[in-house]
Amino acid sequence: MIKNLPTPTNPLNIGTRGSLLALAQAHETRDRLSKAFDLPSEAFEIVVIKTTGDRVQDRPLKEIGGKGLFTREIEDDMLASKIDIAVHSMKDMPTLQPEGLVLDTYLPREDVRDAFISPRLKSLNDLAQGAVVGTSSLRRKAQLKLRRPDLEVVEFRGNMQTRLKKLDEGVAEATFLAMAGLNRLKMDHVPKTPIEVDTVLPAVAQGAIGVERRMGDMRAAEMLEAIHDVPTGHRLAAERAFLAALDGSCETPIAGLAVLEGGTLYLRGEVLRPDGSDSIDDAVRCPIEDGAKAGQDMAAKLLAQAGEGFFDWR
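Numbering (my numbering) for the sequence shown: 9 to 322.
Derived by calculation from the structure, the hints in this document are not laboratory data. There could be a bad hint or two in this list.
Unchecked claim - Simulated pairs of lysine to any residue, SDA-like, Cα-Cα distance not exceeding 25 Å: (1) 174 with 206; (2) 194 with 35; (3) 174 with 191; (4) 90 with 10; (5) 58 with 26.
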């Protein structure tokens, strides 16, 4: 029995960014906790925290610091006990957490695929020679230039709604979004075509929601254990070990995906030159419990193949 369950007068504070997608993910976390412990929604308070990545929209992420831009202020508030737990899109998360924080709870993973978004076209193959495509993702840019070096890629920062508005305004012919976000926001009206993972490998941890807590907060630990999705945890252990061993950041084009096949984990990984001129990839099957080791080993193999200067900007 968990002591001191939250109540409407003493709620569990859930920290999140303020975008519609971030709020949807926080609400999903709240609803799963509410159901698991038969608590009213009023026993939880959603606390919106603006991060540096949200405030600075006029520069590429690589110029202002990488992945921690979307988490630092939230984690600072948790360390200061202003919030009890924090909800994150796992593809935004650094592979190491600040001292005193733990990230070991994942909700069931959504669709991992990227989506090709265009009001007129259905796929990459429909884009005319030299067409303009918008994305803020170095991975997507590198994968795009690898397949279509003729295309012009422009910076598309901002939340999902901002990027869709830019598309409507004609800033670009097409862009890319995660299917997971579109599904969570029930954006069926958006003209999209899912891109199969055999065509474009997604970002590490794409489609997964993680919930972070303070180390030693046993109430939060016990409550979160009730909503943790074990299969997603196994998959992310392999993917994030792969990313960590590559020293992955928002400045490094890396893709990776683990799937479970019975008692086996199948991991695929890809690293690309930032300009999309080259890529190397690998795949491995292993027992599920060996996923993290497989991720580390695959990263070492790809780094050896890449050689010095592979990730340098040109």
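If you check each hint against the structure, which ones fail?
-> 1
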